[in-house]
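For this one, chain A is given, so just place chain B on it according to the hints.
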Amino acid sequence: MSTNLSTDTATTAPSQRANRTLLRRLIKHPQGVIGMTILSLVVFAALFAPLIAPHDPTVLNMSVRMQPPSTEHVFGTDHLGRDVFSRVVYGSRVSILAGFVATTIAAVFGTMFGLLAGYLEGRFDHVIMRVTDALLAFPELVLLIAFATIFGPGLTMAMVAIGIAGIPVFTRLVRGQVLSIRGREYVEATRSLGSSHVRIASLHVLPNVLPAIIVWSSLLVGGAILAEAGLSFLGLGVQPPTPSWGSMVNQGNQYLRLAPWMSLFPGAAIFFTVLGANLMGDAMRDLGDPRMRGRLK
Amino acid sequence: MNRYLLTRLLSMIPVVLLVTLFVFVMGRLIPGDPLLQLIPPEEARTLTADQLQRMRQAYGLDDPIAVQYANWFVGLVQGDLGNSIRTQQPVGHLIIQRLPVTGQLALLSMMISLSIGIPLGVLAALRPRTTTDSIASITALIGVSMPNIFLATALIFIFAYTLRLMPSGGFVPFASAPLESLKYTLMPALTLGTGLMGSVMRITRTSMIEVLNLDYIATARAKGLGERRVIFRHALKNAFIPVLTVIGLQIGGILGGSFIVEQIFAIPGVGRLAVNSIFARDYPMVQGVVLFIALVYLAVNLIVDLVYAALDPRIRYS
Numbered sequence: 000m001s002t003n004l005s006t007d008t009a010t011t012a013p014s015q016r017a018n019r020t021l022l023r024r025l026i027k028h029p030q031g032v033i034g035m036t037i038l039s040l041v042v043f044a045a046l047f048a049p050l051i052a053p054h055d056p057t058v059l060n061m062s063v064r065m066q067p068p069s070t071e072h073v074f075g076t077d078h079l080g081r082d083v084f085s086r087v088v089y090g091s092r093v094s095i096l097a098g099f100v101a102t103t104i105a106a107v108f109g110t111m112f113g114l115l116a117g118y119l120e121g122r123f124d125h126v127i128m129r130v131t132d133a134l135l136a137f138p139e140l141v142l143l144i145a146f147a148t149i150f151g152p153g154l155t156m157a158m159v160a161i162g163i164a165g166i167p168v169f170t171r172l173v174r175g176q177v178l179s180i181r182g183r184e185y186v187e188a189t190r191s192l193g194s195s196h197v198r199i200a201s202l203h204v205l206p207n208v209l210p211a212i213i214v215w216s217s218l219l220v221g222g223a224i225l226a227e228a229g230l231s232f233l234g235l236g237v238q239p240p241t242p243s244w245g246s247m248v249n250q251g252n253q254y255l256r257l258a259p260w261m262s263l264f265p266g267a268a269i270f271f272t273v274l275g276a277n278l279m280g281d282a283m284r285d286l287g288d289p290r291m292r293g294r295l296k
Numbered sequence: 000m001n002r003y004l005l006t007r008l009l010s011m012i013p014v015v016l017l018v019t020l021f022v023f024v025m026g027r028l029i030p031g032d033p034l035l036q037l038i039p040p041e042e043a044r045t046l047t048a049d050q051l052q053r054m055r056q057a058y059g060l061d062d063p064i065a066v067q068y069a070n071w072f073v074g075l076v077q078g079d080l081g082n083s084i085r086t087q088q089p090v091g092h093l094i095i096q097r098l099p100v101t102g103q104l105a106l107l108s109m110m111i112s113l114s115i116g117i118p119l120g121v122l123a124a125l126r127p128r129t130t131t132d133s134i135a136s137i138t139a140l141i142g143v144s145m146p147n148i149f150l151a152t153a154l155i156f157i158f159a160y161t162l163r164l165m166p167s168g169g170f171v172p173f174a175s176a177p178l179e180s181l182k183y184t185l186m187p188a189l190t191l192g193t194g195l196m197g198s199v200m201r202i203t204r205t206s207m208i209e210v211l212n213l214d215y216i217a218t219a220r221a222k223g224l225g226e227r228r229v230i231f232r233h234a235l236k237n238a239f240i241p242v243l244t245v246i247g248l249q250i251g252g253i254l255g256g257s258f259i260v261e262q263i264f265a266i267p268g269v270g271r272l273a274v275n276s277i278f279a280r281d282y283p284m285v286q287g288v289v290l291f292i293a294l295v296y297l298a299v300n301l302i303v304d305l306v307y308a309a310l311d312p313r314i315r316y317s
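Chains as they are written, first to last, in numbering that gives the first Met the number 0: chain A, 0 to 296; chain B, 0 to 317.
Calculated directly from the structure, the hints in this document are not laboratory data. Watch out, some of these pointers could steer you wrong.
Restraint-style ranges between C-beta atoms, simulated for each label pair [said to hold, decoys possible]:
1) A/I26 with B/T131: 39 to 47 Å
2) A/V32 with B/L164: 33 to 41 Å
3) A/V159 with B/A265: 44 to 52 Å
4) B/D61 with A/V58: 51 to 59 Å
5) B/R313 with A/F271: 40 to 48 Å
6) B/T131 with A/V32: 17 to 25 Å
7) A/I51 with B/F72: 35 to 43 Å
One-sided and incomplete, this derived list gives chain A residues near chain B with beta-carbon spacing under 7 Å [unchecked claim]:
8) L22
9) I26
10) A133
11) A136
12) A145
13) P206
14) L209
15) A228
16) G229
17) Q253
18) L255
19) R256
20) P259
21) V273
Some chain B residues well away from chain A (every beta-carbon gap over 12 Å; in silico) [as the list claims (entries may be wrong)]:
22) R44
23) R97
24) A219
The C-beta atom is built at its ideal place from N, Cα and C for all residues, glycine as well.
With the rest of the complex left out, here is chain A (with noise of 0.2 Å):
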């Protein structure tokens, strides 16, 4: 037992060591902290939407409809009154719940299927790999499609659709990192020892995958967040009266020659957000990346 308490020990801190040098690294990153800065601004709208809102996002207001921006109104309102930046303030709740929810989703499924896929092989392995050939012959926005004509709109089926859409990315990516890890003289040495595969593939494998799939995991955010607002935009996501960006551009479309604002302040909130999340994913990608290490000094 004591043995393998020291190989835990000798092989899960150097991921932890690496988790944390990354996030070090990730600060002396000038493309990721202009994409840390843009995200966390989004982040911190979501949070403390009521305190930054100046107007209830769902109060109609017919005697001020459609009001270009103005120091009462900074981004006017739209057809119903209503004004168009709380309620662009209120939608980054959805749009930053419905990123980091289905990349959850998709990095913890994707994860397992693909630890247990690339630890276990054989048929099991086999299996898996075909659905996900199979799931991946989909364009994302088709799957989604599909997903939302079974369950219905709403921001849940939304959140679960993308987050199942990009399972088969993660179990691809896991399976492929765990097939080059599992035949390595730590592991090898650890099953000699007696130790269980739950425990080799929980203890000694997944920990150093951990940093990959974090990786992965920041640039799937921004792609979730679009995969959302394109459902939102049509009509499959989020339903009135709770604001998002995708259905805000929707309706604002709508009225695009008389109240451009309307679509134009919440499209411009979506492209900003995934700017800062594709920003902050690169440079993750890059740290990670050993080869670029040298170039980023």
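Below, chain B without anything else, positioned relative to chain A:
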């Protein structure tokens, strides 16, 4: 090459079978009686329980699920995707009718994205860590981060409503009036191609930088070959292989993106047909489009793999 083609085709069989199984299961998971997915609701309301049961038997809906799938699959192989509930026309016929529209849009968006993305990537790779590289990289980042819905809205607002240079929506087939058709498809194609442009630029840059540092390029230069010949004849051909992979994968983005872009620009393509069918609860139509797009995507990736093998003999023999 023939052996490689055969291996790739055989490896696709289980994937295609699973894709058809997924689409079949999708139809069965939709809440409600599967019979109501086959006949119009107004017709169903006029039928008695006994008549409904007889129809269920006639459609084979009381057979075991495996038999139902086998029957559905046999129909599929014969090109029968069922009938649309809304129009009662064959689903396959309706898809084929709209295919040239989506095809034209996808082709133009690919032409735009490749003609900008590849040269920009090569330019950035030739001048790494310069202002040119930074501008190209920022353009690519903006491209991959740009939501279709925002870009389409901004383009319509600027070019259709403010400058009045382009129509805000609609479609004219290329064959009937080429110039007019381009006018209608330019903004949607640009919207659809921006993401691909960004991805292609990024991968071209990375791949070219790697290739330009290889020994054979130094040998080509040492032989006294002109820089243009070294870049376009020797470097770009090898750097193009990863670019091709990204193009194959990103075609999925273009096919999926057409659902949104066709909706915004009121283009009567396959994507718009699918979205309208969802709201009309025309499930056979949605099922048909989902299956059709998945099969097109698989076929495109098979072609990409074959071009890949033609470009790099190592792939054929590995």
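Tested hints:
1. Judged by the Cβ atoms, the range 39 to 47 Å given for A/I26 and B/T131 is violated: they are separated by roughly 29 Å.
2. In this structure, A/V32 and B/L164 meet the distance hint of 33 to 41 Å, their C-beta atoms being roughly 39 Å apart.
3. Between A/V159 and B/A265 the Cβ separation comes to about 31 Å, which falls outside the hinted range of 44 to 52 Å.
4. Taken as a hint, the range 51 to 59 Å holds for the pair B/D61 and A/V58, whose Cβ atoms sit roughly 53 Å apart.
5. Here the CB-CB span from B/R313 to A/F271 is close to 43 Å, well matched to the stated 40 to 48 Å.
6. The hinted window of 17 to 25 Å between B/T131 and A/V32 holds, with their beta carbons roughly 24 Å apart.
7. Evaluation of the 35 to 43 Å hint for A/I51 and B/F72 yields a failure: the beta carbon distance comes to about 55 Å.
8. Evaluation of the A/L22 hint against chain B yields a violated restraint, the C-beta minimum of about 22 Å exceeding 7 Å.
9. At its closest, the beta carbon of A/I26 sits 20 Å from a beta carbon of chain B; the interface hint therefore is violated under the 7 Å criterion.
10. A distance limit of 7 Å between C-beta atoms decides the matter here; for A/A133 the minimum to chain B is near 3 Å, and the interface restraint holds.
11. Here the hint on A/A136 is kept, as its CB sits about 5 Å from the closest CB of chain B, short of 7 Å.
12. Given the 7 Å rule on beta carbons, the hint for A/A145 holds: about 5 Å separates it from the nearest Cβ of chain B.
13. Using the Cβ-Cβ criterion of 7 Å, the hint placing A/P206 at the interface with chain B is not satisfied: the shortest such distance is roughly 29 Å.
14. Hint status for A/L209: violated, given a least beta-carbon distance of 25 Å to chain B, over 7 Å.
15. Annotation: A/A228 was flagged as interfacial toward chain B, and the flag holds, the nearest CB pair being 6 Å apart, inside 7 Å.
16. At its closest, the beta carbon of A/G229 sits 6 Å from a beta carbon of chain B; the interface hint therefore holds under the 7 Å criterion.
17. Checking A/Q253 against chain B by beta carbon gives a least distance of about 11 Å; that is not within 7 Å, so the hint is violated.
18. About 6 Å separates the beta-carbon of A/L255 from the nearest beta-carbon of chain B, less than 7 Å, and the hint is met.
19. Satisfaction of the interface hint for A/R256 is found here, the shortest Cβ-Cβ separation to chain B being roughly 5 Å, below the 7 Å cut-off.
20. Nearest Cβ of chain B to the Cβ of A/P259: about 5 Å, under the 7 Å cut. The hint holds.
21. Hint status for A/V273: holds, given a least beta-carbon distance of 4 Å to chain B, under 7 Å.
22. Even its closest Cβ contact with chain A, about 22 Å, leaves B/R44 beyond 12 Å, as expected for a residue assigned away from the interface.
23. At roughly 15 Å from the closest C-beta of chain A, the C-beta of B/R97 stays outside 12 Å, upholding its exclusion from the interface.
24. For B/A219, the requirement that its beta carbon stay farther than 12 Å from each beta carbon of chain A is met, with the minimum near 24 Å.
Checked against the numbered hints given earlier, the structure breaks hints 1, 3, 7, 8, 9, 13, 14 and 17 and satisfies all the rest.
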